[in-house]
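Residue strings, one per chain:
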Amino acid sequence: MIKTPKLAANLLFGLAAATASMTAPAIAQAADLVIGEIHPITGPAAFYGLPESQAIKAAADEINTAGGVKVGGTSYQIVIKTADDQASPTVGVAALRKLLGEGAKFIIGPIASGVAPALKPIIESRPDVIQLIDGSIADGLTNGKTIFRNQASVQAYNDALTRLTKARAYPTVAVMTDRFHAGFMGSQKTLVDALDAQGNKVVAQEYHKLNDTDFSAQLTKIASMKPSALVLRGYPAEGALITKTARQLGYQGQVIWEFVSPPSTVLKNISPAEMEGVLNAIPPTSQDYVALGNEKALKLEARLKKMFNAEIGELSTLSYDAVYIFKAAIEKAGTLDSAAVAKAFTQLKTTDVPMAINPYVPGKDNLLFTDGQVGLPGGVQIWKGNGWQPLADLKH
Amino acid sequence: MHSRTRCYLIPTALLAAACAATPFLNDYVRYVATLAAIWAVLAVSFDVLLGYTGYLSLAHGALFGVGAYAGGLLTSRAGWNFWLALPVCGLIAMVAGIIVALLAFRTKGLYFAVLTLGIGLIGHQMFFVAEDWTGGVVGFVGIPSPPALPLLTLDPAGNNLIISLLLLWVTYLAAGVFVHSPLGAASLAIREDVVLAQALGIRIAAARMTAFAFSAFFAGTAGALFAAISNFVAPESFAVMTTGFQMVVLVVVGGMGTLWGPILGAILLTTLPETLRVASNYSLLAYGVLLLGFMLFAPSGIAGLLKKAWRARQTRAAVAAPVARPATEGVR
Amino acid sequence: MLDMLPQQLVNGLTLGSTYALIALGLTLVFGVLLIPNFAHGELYMLGAFSTYALVGAGVNFWLAVVIATVIVIALGVVLDRLVFQPLDHSSSLSLMIAALAASIILQQTATIIWGSEPRTTPSPIPGVLRMAGFSIAYFQIFVIALTLAAWGGVWLVLNRSRLGLAIRAVAQNKGAAQLMGIELRDVRLATFAIGALLGGLGGAILSANFPVYPTMGINPVLKAFVVLVLGGIGNLWGAILGGLLLGIVEVMVAGYISSQLQDVGTFMILVLVLLLRPQGLFGRVVLER
Chain A
2 MIKTPKLAAN
12 LLFGLAAATA
22 SMTAPAIAQA
32 ADLVIGEIHP
42 ITGPAAFYGL
52 PESQAIKAAA
62 DEINTAGGVK
72 VGGTSYQIVI
82 KTADDQASPT
92 VGVAALRKLL
102 GEGAKFIIGP
112 IASGVAPALK
122 PIIESRPDVI
132 QLIDGSIADG
142 LTNGKTIFRN
152 QASVQAYNDA
162 LTRLTKARAY
172 PTVAVMTDRF
182 HAGFMGSQKT
192 LVDALDAQGN
202 KVVAQEYHKL
212 NDTDFSAQLT
222 KIASMKPSAL
232 VLRGYPAEGA
242 LITKTARQLG
252 YQGQVIWEFV
262 SPPSTVLKNI
272 SPAEMEGVLN
282 AIPPTSQDYV
292 ALGNEKALKL
302 EARLKKMFNA
312 EIGELSTLSY
322 DAVYIFKAAI
332 EKAGTLDSAA
342 VAKAFTQLKT
352 TDVPMAINPY
362 VPGKDNLLFT
372 DGQVGLPGGV
382 QIWKGNGWQP
392 LADLKH
Chain B
71 MHSRTRCYLI
81 PTALLAAACA
91 ATPFLNDYVR
101 YVATLAAIWA
111 VLAVSFDVLL
121 GYTGYLSLAH
131 GALFGVGAYA
141 GGLLTSRAGW
151 NFWLALPVCG
161 LIAMVAGIIV
171 ALLAFRTKGL
181 YFAVLTLGIG
191 LIGHQMFFVA
201 EDWTGGVVGF
211 VGIPSPPALP
221 LLTLDPAGNN
231 LIISLLLLWV
241 TYLAAGVFVH
251 SPLGAASLAI
261 REDVVLAQAL
271 GIRIAAARMT
281 AFAFSAFFAG
291 TAGALFAAIS
301 NFVAPESFAV
311 MTTGFQMVVL
321 VVVGGMGTLW
331 GPILGAILLT
341 TLPETLRVAS
351 NYSLLAYGVL
361 LLGFMLFAPS
371 GIAGLLKKAW
381 RARQTRAAVA
391 APVARPATEG
401 VR
Chain C
103 MLDMLPQQLV
113 NGLTLGSTYA
123 LIALGLTLVF
133 GVLLIPNFAH
143 GELYMLGAFS
153 TYALVGAGVN
163 FWLAVVIATV
173 IVIALGVVLD
183 RLVFQPLDHS
193 SSLSLMIAAL
203 AASIILQQTA
213 TIIWGSEPRT
223 TPSPIPGVLR
233 MAGFSIAYFQ
243 IFVIALTLAA
253 WGGVWLVLNR
263 SRLGLAIRAV
273 AQNKGAAQLM
283 GIELRDVRLA
293 TFAIGALLGG
303 LGGAILSANF
313 PVYPTMGINP
323 VLKAFVVLVL
333 GGIGNLWGAI
343 LGGLLLGIVE
353 VMVAGYISSQ
363 LQDVGTFMIL
373 VLVLLLRPQG
383 LFGRVVLER
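Residue numbers (the working numbering), protein chains in the order written: chain A, 2 to 397; chain B, 71 to 402; chain C, 103 to 391.
By construction, these hints were calculated from the structure, which means they are not laboratory data.
These numbers come from a predicted model, not from an experiment.
Please note that the accuracy of each hint is not assured.
To be verified - Facing chain A, a subset of chain B residues (Cβ under 10 Å, in silico): (1) 93; (2) 96; (3) 99; (4) 101; (5) 196; (6) 199; (7) 201; (8) 206; (9) 300; (10) 306; (11) 307; (12) 353; (13) 354.
Each residue gets a CB set at the ideal place from its N, CA and C atoms; glycine is no exception.
The task is simple: from the sequences and hints, build the whole structure.
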């Protein structure tokens, strides 16, 4: 047995360790405020994650140009540290640990419903770390003390859906869910119970998964029961193919989606004619605010074009708001001390963040967060022509 | 048995050195090192089956998962002590492994690989389906961390690293015991030529089953440790095309048929994505290129390269200092 | 329940035909050249991306398919030269890992060039045929016909041409074939080219059936290996029948048992078949224990 290579093993180990610690980034200046962000910058969910990361940088740029974050007489410039989680829990955990190892205490993110629960135990083991979730919709993520969320929870999506089905009085409903989606699977039972309780009888619950290419077996079953509505809970590309297949198999009822679907992605996979009339139980997206002429949204869109030559993403306004929420909390606390900032979070009122784009609904005492969760109501949209439009009247 | 004693002494010395270095590394490095150690446990034990016995199993990702979920269930739901749960999880994975082996050893070669692939895929799917036990796609939350080692006052990251290094040390020594035993010799015979081995009267069934069970036991133990360190497990960590194949890659890149080669493979391939601070697309691309490079130019892995370099040095040394002729020679 | 049966059978046949098409190219390369070509899925993926890109640039669908297939054939030959030929005398484990590495490289390159957003080529044959007990898209009928035609074409080449004779000789006994004066290099080139043709053609056509994205080849090639094991490696009949069988089983499990267990059902069949017949359904018996 050759012994020397075992020594080489330890040398390699040491080399790797040294390289890792040597490639630590430049130390932030004294008047810098570090905010870490975890999003899928690359990988299959990049088209959700990259726009959010860019929006965070745009918000930081805007704040820094306007003088930075003012705490006790000093003006702090925000420095954004980006970590890529590739929508995978394992990579996300490593990304978080990297950020924490670099000294970041304020974290924005993640999006993927599978990543957030993996990060939770680590955040909770560090009482000096505050997390603001700007994308993930799964239940049970916030704790109201150090973990907050400014995105609607899946409950808000479900509430909009149940309001719709109640208004339209569908006698029977079928649900087709992506069984690899933590947020949808975690809330499936609550949704089905709610639908049954209000008279929309759930006659079928079928499952598929991301990257499936054939849904004919499940849809044949569903189509044979002729439900008045078919609810899809998954991702846009599969949603498009499911809608196509359902029509092909003779299903004539109302198709209702429940996931953020950028029209550009949708139209790459299904024709506008086949999408006409499809409903989507999601809150207004960033593009909706732009289309409605919201000034702050338009400014963000322009800034993203200028800084990155990039389009605004569905969730960009949420990430933008998250930076401003941190600014508000830090300025309210008057210090960078985590405990004080966390307390400030729980005391923030919706009026404390005037630069926010999304219309957060104030809770008790006008507070922004209730148990760590904002009030962001869901909505319903309808596909007309080449994109989504808000559905004003649920009954029609 | 001078070299035998060195077999056990050197790894122990290296373990002590690594442990001593622990307090001086920052948290993130310690986390990466802990992962590398766990992967090394998987790689070394997997090499016993792949490198020494010659069977390619793609079911071991699922066995790793069985150990992880068993660890979660025992420590968080049944309240067991971590130190007791750890070997028990290994035993549970071993039992699962034996069942798999009983099915799989009816085939050989490529069909064995495909059958274990199928079993690994089924296992992975079952982690989703058995929601009440595993938490399904949402994952198993709330797994308690390993308890602090007695006598040492370490923070969790350092504690986890030392425990992982200890497990690696145990795995390596146990693998050494197996490989030097008659069962180990029988395994080598199986790898070389099954028919001849049978003809020579070697009990191949016992040897290969032991090799499979051994690798399954340590895969399960590594899984339980992984679960405790992460406080959370999700099925995506136990997929065949990622974790299952990763084990194969670690062993082959590290050097099949040596026990220390896979450790190097684990270290290299765990630290690689972390030290490449560029976009993940490029880091995965680099991984693919590295892998291809090894297959084309260094099929015996890192171990092979190091052995060649060592032999080259020894040859150069021998050439430089020719053997002195005996004084009586030449006078005839 | 039984009234759904005709439709579910049709579903199974259409799904199975896509599996068979992909498995056909793989079984040829694996059976003749003994290369476990994991990267076959990426040849399929590149056929799909090329077609989508060409159609997007205004090229007629059918012309795009032809061009894409030619591109993939060229890529396949390059792949063989760079990756598999240097490893000609290595173990199949090395070949398998090299193929996996090539897979990763191709996937990442495609991601860097095109991004990971899914996209579908607009179908060239829109419309649905509606019969009494079932409905099927005209395009799906075309895919089934194409699969059978591809099988027929490969059979003709293998059994009615000199090249095919040479290929079959090499598959049976490489050494003897060389002694008989057969140029191994030519046979290798032809086999890989045909395999790549089938993979690229499959991807090109199916890019109109479902979404295209850089990692779209992983699952199909996995299923293709299952088909190969079911149908016997190198067995053309087996690839077609195995593919159709797999498609039907998957649909039946999802339709009649549970859609949550769809994948479990697929691989359960694999495990059961291998336990009962370790050489596959149509493979030859290999004496071993």
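Structure-based check of all given hints:
1. 93: violated (13 Å)
2. 96: holds (6 Å)
3. 99: Interface hint status for residue 99/B: holds (5 Å vs cutoff 10 Å).
4. 101: holds (5 Å)
5. 196: violated (13 Å)
6. 199: Check passed: Cβ of residue 199/B comes within 9 Å of chain A, closer than 10 Å.
7. 201: Check passed: Cβ of residue 201/B comes within 8 Å of chain A, closer than 10 Å.
8. 206: Since chain A brings a Cβ to about 6 Å from residue 206/B, closer than 10 Å, the hint holds.
9. 300: Hint on residue 300/B: holds, closest Cβ of chain A at ~7 Å, below 10 Å.
10. 306: Interface hint status for residue 306/B: holds (6 Å vs cutoff 10 Å).
11. 307: holds (6 Å)
12. 353: Interface hint status for residue 353/B: holds (9 Å vs cutoff 10 Å).
13. 354: Where the cut-off is 10 Å and the nearest Cβ of chain A is about 9 Å from residue 354/B, the hint holds.
Figure legend: structure checked against the earlier numbered hints; hints not met, in rising order: 1 and 5.
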